[in-house]
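Peer 1: Got chain H sorted already, so can you dock chain Z onto it with the hints?
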Amino acid sequence: MTAAIDLLSTPTRRRRRRPSATVIFAFAVLAVAAFAVVFGGVLYPDAMRQDILSGLLPAGSPGHPLGTDELGRDVWAMTVAGAASALIGPVCVAVGSMILGIVLGTHAGYERGWLDVVISRWTDLLLALPVLLAAIVVSGVFGGGYWVTVVLLILLFSPSDIRIVRAGVLEQSARPYIEAARMLSLSRWRVMFRHILPNVSTLVLTNVMLNVAFALVAFSSLSFLGVGVPPGTPDWGRQLTDNRAIMFDNPAAVIVPAVLIILVASAVNLVGDWAGQRLSQVGKAL
Amino acid sequence: MSGVEIAGLTVIGHDGPMVKPIDAAIAPGRTLAIIGESGSGKTLTAKSLVGLLPRGFRAEGTVRIGERTLDLDAAQPAWRAVRGGTVTLLLQDPFTSLSPVHRCGDQIGWTLDAAAGRRLPRAERDRMVAERLAEVKLPEHVARSFPHQLSGGMRQRVAIAAALAADPQLIIADEPTTALDASNQAEILDLLRTVQRARSLCVILISHDLGMVRGRTDDVLVMRHGDVVERGATATVLADPQHPYTRALIEADPTMTISPQPAAVSAPRDEASPLLRATGVDKHFGDRQVLDGVALDIAPGQIAGVVGESGSGKSTFARCIAGLESEDAGSIVFDGVPLAPGRRSRTPEQMQIVFQDPYSSLNPMMSIGAILREALRVAQRPATEVAELLETVGLPAEFARKRPAELSGGQRQRVAIARALAPRPRLLICDESVSALDVSVQAQILALLMRLRDELGIAILFISHDLAVVRMLADTVTVLWNGRVVETGTCAQVLTEPRHEYTALLVAAANRENTAPTLDSPKKD
Numbered sequence: 001m002t003a004a005i006d007l008l009s010t011p012t013r014r015r016r017r018r019p020s021a022t023v024i025f026a027f028a029v030l031a032v033a034a035f036a037v038v039f040g041g042v043l044y045p046d047a048m049r050q051d052i053l054s055g056l057l058p059a060g061s062p063g064h065p066l067g068t069d070e071l072g073r074d075v076w077a078m079t080v081a082g083a084a085s086a087l088i089g090p091v092c093v094a095v096g097s098m099i100l101g102i103v104l105g106t107h108a109g110y111e112r113g114w115l116d117v118v119i120s121r122w123t124d125l126l127l128a129l130p131v132l133l134a135a136i137v138v139s140g141v142f143g144g145g146y147w148v149t150v151v152l153l154i155l156l157f158s159p160s161d162i163r164i165v166r167a168g169v170l171e172q173s174a175r176p177y178i179e180a181a182r183m184l185s186l187s188r189w190r191v192m193f194r195h196i197l198p199n200v201s202t203l204v205l206t207n208v209m210l211n212v213a214f215a216l217v218a219f220s221s222l223s224f225l226g227v228g229v230p231p232g233t234p235d236w237g238r239q240l241t242d243n244r245a246i247m248f249d250n251p252a253a254v255i256v257p258a259v260l261i262i263l264v265a266s267a268v269n270l271v272g273d274w275a276g277q278r279l280s281q282v283g284k285a286l
Numbered sequence: 001m002s003g004v005e006i007a008g009l010t011v012i013g014h015d016g017p018m019v020k021p022i023d024a025a026i027a028p029g030r031t032l033a034i035i036g037e038s039g040s041g042k043t044l045t046a047k048s049l050v051g052l053l054p055r056g057f058r059a060e061g062t063v064r065i066g067e068r069t070l071d072l073d074a075a076q077p078a079w080r081a082v083r084g085g086t087v088t089l090l091l092q093d094p095f096t097s098l099s100p101v102h103r104c105g106d107q108i109g110w111t112l113d114a115a116a117g118r119r120l121p122r123a124e125r126d127r128m129v130a131e132r133l134a135e136v137k138l139p140e141h142v143a144r145s146f147p148h149q150l151s152g153g154m155r156q157r158v159a160i161a162a163a164l165a166a167d168p169q170l171i172i173a174d175e176p177t178t179a180l181d182a183s184n185q186a187e188i189l190d191l192l193r194t195v196q197r198a199r200s201l202c203v204i205l206i207s208h209d210l211g212m213v214r215g216r217t218d219d220v221l222v223m224r225h226g227d228v229v230e231r232g233a234t235a236t237v238l239a240d241p242q243h244p245y246t247r248a249l250i251e252a253d254p255t256m257t258i259s260p261q262p263a264a265v266s267a268p269r270d271e272a273s274p275l276l277r278a279t280g281v282d283k284h285f286g287d288r289q290v291l292d293g294v295a296l297d298i299a300p301g302q303i304a305g306v307v308g309e310s311g312s313g314k315s316t317f318a319r320c321i322a323g324l325e326s327e328d329a330g331s332i333v334f335d336g337v338p339l340a341p342g343r344r345s346r347t348p349e350q351m352q353i354v355f356q357d358p359y360s361s362l363n364p365m366m367s368i369g370a371i372l373r374e375a376l377r378v379a380q381r382p383a384t385e386v387a388e389l390l391e392t393v394g395l396p397a398e399f400a401r402k403r404p405a406e407l408s409g410g411q412r413q414r415v416a417i418a419r420a421l422a423p424r425p426r427l428l429i430c431d432e433s434v435s436a437l438d439v440s441v442q443a444q445i446l447a448l449l450m451r452l453r454d455e456l457g458i459a460i461l462f463i464s465h466d467l468a469v470v471r472m473l474a475d476t477v478t479v480l481w482n483g484r485v486v487e488t489g490t491c492a493q494v495l496t497e498p499r500h501e502y503t504a505l506l507v508a509a510a511n512r513e514n515t516a517p518t519l520d521s522p523k524k525d
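Chains as they are written, first to last, in our numbering: chain H, 1 to 286; chain Z, 1 to 525.
Worth double-checking, as some hints may not be accurate.
[Unchecked claim] Cross-link-like lysine to any residue pairs, in silico, SDA-like; alpha carbons within 25 Å at most:
1) Z:K47 x Z:D190
2) Z:K402 x H:V282
3) Z:K402 x H:S173
4) Z:K402 x H:V191
5) Z:K402 x H:L186
6) Z:K47 x Z:G85
7) Z:K47 x Z:R58
8) Z:K402 x H:L197
9) Z:K402 x H:P198
10) Z:K137 x Z:A509
11) Z:K402 x H:R18
12) Z:K402 x H:R194
13) Z:K402 x H:D116
14) Z:K402 x H:T202
15) Z:K402 x H:R182
16) Z:K402 x H:R278
17) Z:K402 x H:R190
[Stated by the list, open to error] FRET-style restraints, in silico, Cβ to Cβ:
18) H:V141 x Z:G342: 44 to 50 Å
19) H:I99 x Z:Q289: 40 to 46 Å
20) H:I99 x Z:G342: 30 to 36 Å
21) H:P45 x Z:T384: 56 to 62 Å
22) Z:Q76 x H:F193: 47 to 53 Å
23) H:S266 x Z:L52: 54 to 60 Å
[Unchecked claim] Not everything, but these chain H residues come out facing chain Z in the computed CB check (under 7 Å):
24) P176
25) E179
26) A180
These are calculated hints, taken from the structure and not from any lab test. From a predicted model like this one, the values you see are computed outputs, not experimental measurements. Ideal Cβ placement from N, Cα and C applies to all residues, glycine included.
This is chain H alone, in the form it adopts within the complex (with noise of 0.2 Å):
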């Protein structure tokens, strides 16, 4: 019978693949950014200074590369000192509202019955519930601030993260090593955080980059609807209100913060699709 096996054996070949040109620029993007979120505090401590003396000036000026606004505050030092406000909520939000996702979905997936029904409830309330007018409200009777927003968005945002990891655990939960691992009479954690969530991992990166990406969106215009990041703080969203009035003196306050908001969400979702595709490749043959 050894010589069947050798007879019979195919070589099977493994194809790695190099990260696009795309992908690479989406990951600098974020290596700039988290730079920022980082080091920016330190470097521009008092990027709130005001110059009323100066007033504003058009960008190029000198000592003032992107200008300064009505306030004679340094464009360039609030958008540096602005990227922890601008980011760090949102990365929040999405991994706030993730382990919501994983704890109640992969309940509600595995275990079944009254759990399922009253989890999936919950959500279908809070699936029905607009995010931005339910922040806004919230925020207005709460008196707002960074951090309740933080959770008021996490709490908004766990609907879809519960959903979709539900979904996956269904999936996984009717295949047959799960079934493999019950006959071995392995508690319901180790089935369900052991065996199972390694298998909805993509879904759930995924969709954790993806919300950073919303997230950043809905803070930003959360503090340009002047709930989310309380006025004298640096943040890109509170720029954009800010400077709404100077668009024409000095566009470069508008137009920076706004670009680097959809820089930095686009490279999100890239990183997170790329990071995704690799991730179900594990566990994939060839």
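Peer 2: Here is chain Z on its own, set in the frame of chain H:
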């Protein structure tokens, strides 16, 4: 000039030739078999003859069918004139090869229209469709049926009727019966044979199943990794194989060897204390009753076969015993202890299960070592025994570092068996565990199961649709039909004197594959 001549047919893929030059000739009314396992290039060869190669593949060589020489590099519009009228392909799976939203009569009619090159008048078309249906022994009303209203065997007949509609000279049948139940397989093949003789057609029958080929084909090509390793008259090749690969295939095929009845190792068969006794097991899915009073005894160290076609309830029964499904009524007693329905009343040391599909029964994100260590931990065995487990199932210890995706189907199934053995269960449930494997791999797994029974004294509940396989392995056979036990007894008893007509049908189907050559002795020209 009639018949088919193939000279130097090569299929070239992305990484060079996938099929090395093939020469063959088929006289009218004769059948050429192409035998090989998955990946041998047999299906690529078939597809190259009908211009359906996947993107990136191309074919070279000369192929003459009747008066017509095929241009293998032709564009699709040119192929459309060839397909149907000159050469036609009969596909494996009758469940997906027919359009679900069109009536069968229309689907046969399309081929007729295409062959005529115009839309036939309705009356003429209906008449021709009825003729074709009669030819494949289907009643006329099938023309108005949708595919989902027909059984698998009937659907494959419709597919044959559609393939014959435009009077082709060559039919290529690519594993035409693999998707069908045992009793249907023989009928479809015999039908194909009858039609072929009546019309003097050339047929290329592609298969991995030697039992099917024997007696139903005149010549055979054995392919492996794109090479023809052996060729000749079917009877000669099967009786006296020259190439070691052909010999390995023949040895591996359960229908080709005279059943080596397990040398009645019959562990002390104490009728009073079976390891497992199931009685009156009932199970409903909604309104449908899948199990109706099913009973089964398994003695310690015994291999009990359960045979039945898809839908007979055999898998549900296995799952009820394993506790993966909860029975509605009945009792399951393991070693004297009654087990409540469901998994909670059972321990890993009582029984383990090996599933059909080796591709989904291992967690793709875990290494083989991690999978086995987890199973060992359950039984409080040290993680160092992974190598020992791998050795038991005939795999080298280095496999612990691999992931399931790096393994072949047979190797994965060995790992699944190793995992099942880790808690040292007393009963191993094999739910169609070999049916997704190639024949030679199937034989290796069967040999492994027999060895495990002999060495470990483990009892095995072996579920299969394939009587030939069960006959090789099992001590007792229970035949399930529509959720009911229609026959039970020792293997020899049931096979030699079946009492129920359904069993007789199954036995006849399994035997026909063996005895056909005596009814029909082909000679080489």
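Peer 1: Going through the earlier hints one by one, which of them does the structure break, listed in rising order?
Peer 2: 13, 23
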